[in-house]
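> One letter stands for each residue in the lines below.
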Amino acid sequence: MYSLFRLFVRHGGLLTLLLTQLASFYLMTSQNSPQQEIARLSWSWYANRMLEWRNRWLDYLSLRDENIRLKMENARLHTQLANLRAADLLWRDTLLRPSGPDSAAGKKLLRPEYVLLSARAIGNTFSGRYNWLILNRGAKDGVRPNSGVISRSGVVGVVRSVSEHFALAMSVLHPQTKISAVVKGYPYYGSLYWDENDPRYLALSDIPYHLPVRRGDTVQVSNYSLLFPEGHPIGIVDTAHRLQGSSFLHIRVLPTQSPANVREVYIVINRYADELERLSESIQEER
Amino acid sequence: MRGNWFFPNLWRFLSLLAVQGLVLSDISYNTDGYVSILLYPLFILLLPIQMSVPLVVLAGFFAGITVDAFTGTFGLHASAGAFSGYARALLLERFAPQGGYTGKEPIASPVYFGWQWFLSVAAIFFALHLLWYFSVAYFTPVYFFSKILPQMLLSWISTLPVVVVWVRLFYPRN
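Protein sequence lines correspond, in order, to chains U and V.
Quick note on numbering: the first sequence equals residues 1 to 287 in my numbering.
Quick note on numbering: the second sequence equals residues 1 to 174 in my numbering.
Looking at chain U on its own, in the form it has when it is part of the complex (with noise of 0.2 angstroms):
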């Protein structure tokens, strides 16, 4: 009570001139009409910025959430698009029965092959010669060796091995990473790797040297690709030449997923995987 009075004693005035004024305001607000609507006018505005503020923040606070929904979101409309493409009907009856994709026949026809798995690439290397990719998902989530790792701009390694929650893929930027390609437009499919040269440049190989490949041309993913759907982008031509003595074209690429920044990608599982594996495993004698 002592210390309250001694604050009154020394800010007297200025606590004075705060209830004064206080006692005036409300006074013009509730007796005089252009105050009033003053300030009710601003007393909305102030409120609706604050309503606005809060909004901002809540929306801010969620990103996180919302980031997590629309990766899940990504991943299966990737998935969905990945198997578009390698859309698989057996036609049958068209004539008798409506059997597009759409209708319930043509479902039990359509047999989707991939399934997309978004993760985050929590290790990566791209400086050595064998280099590798640590994913933050595992056999937990249904990831399997033989998957591949693609990224939302091209293609980033394949799953080599899997802990329980994590998965080693190499990279890209790895001599035993071989993937099917294609020059887009052309029914020729190549083998796209890494000739171990310059980290900023992929090979592609087994193109006929007869095909008019130009700079600037897109390389996707092959048809005959177990590992990634069918017309994934993978880079740009940046050169072609014929090799000396050889009917094929050596052609560099430049891949449009950079090896080096590596963030966020999906994990390519197909669903198929183990029966194609016991597949040819049954013809390996013959080979």
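Simulated from the structure, these hints should not be mistaken for laboratory data.
There may be inaccurate statements among the hints.
As the list claims (entries may be wrong) - Computed footprint of chain V on chain U; a stretch qualifies when at least three of its residues, placed anywhere within it, have a C-beta under 8 angstroms from a C-beta of chain V:
#, segment
1, 36-48
2, 250-257
3, 264-273
Claimed, not checked - Now the in silico label distances, taken between C-beta atoms and shown as ranges:
#, chain 1, residue 1, chain 2, residue 2, range
4, U, 74, V, 147, 52 to 62 angstroms
5, V, 35, U, 45, 51 to 61 angstroms
6, U, 45, V, 124, 27 to 37 angstroms
7, U, 50, V, 6, 23 to 33 angstroms
8, U, 50, V, 102, 51 to 61 angstroms
C-beta atoms are modelled at their ideal positions from N, C-alpha and C, and glycine is treated no differently.
Use these hints to put chain V onto chain U, whose structure you have.
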């Protein structure tokens, strides 16, 4: 503070109020409120120097509310009066003579401090009062340059001569 301070201030309050309410408010009406001669703050300025700040603020508030009763602008002059009461304390502190105020100068009048001192204090005091008054009258900073500032300057120019005339006439001593 000597004992005989109350009645001089009361007479001053009543006379200033009468002039303000009966004569000067008409001028304000005739100019559509564009030029307002506000003489009553002189009452606040001429309150005893030794009076405590909260009391001066309250006195300014009640003087303002009385003027409000004349003009039908509830709270406007009350707010400006209370503000001027506080501003007076800061001003007097800033313009204190060397060694501070003594009991020999009961009020801030040219009788004790000379005309130059009084005019500088009064000029700033009335400028602050008018600025506050027009700010709360428009109640929004939107009109600051287009209305508040010009009206405050015009009113200031018209008020100060009236203040000088009044002080010269009555030459208040306490």
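> Look at each hint and say if it fits the structure.
Outcome of the hint check:
Given as covered by chain V, the segment 36-48 of chain U passes the check, having 3 residues with a CB less than 8 angstroms from a CB of that chain where 3 are the minimum. For the segment 250-257 of chain U, the stated coverage by chain V is violated: 0 residues have a C-beta nearer than 8 angstroms to a C-beta of that chain, whereas at least 3 were required. Restraint check on the segment 264-273 of chain U versus chain V: 0 residues with Cβ-Cβ distances below 8 angstroms, three needed, restraint violated. For the hinted restraint 52 to 62 angstroms between residue 74 (chain U) and residue 147 (chain V), the CB-CB distance of approximately 56 angstroms keeps it satisfied.
At about 31 angstroms, the beta-carbon gap between residue 35 (chain V) and residue 45 (chain U) misses the expected band of 51 to 61 angstroms. In this structure the hint that residue 45 (chain U) and residue 124 (chain V) lie 27 to 37 angstroms apart at CB holds, the actual value being about 34 angstroms. Range check, residue 50 (chain U) to residue 6 (chain V): about 49 angstroms between beta-carbon atoms, so the 23 to 33 angstroms window is missed. Checked against the hint of 51 to 61 angstroms, the C-beta distance between residue 50 (chain U) and residue 102 (chain V) comes to roughly 52 angstroms, which is consistent with it.
When held up to the earlier numbered hints, the structure conflicts with 2, 3, 5, 7 and fits the remainder.
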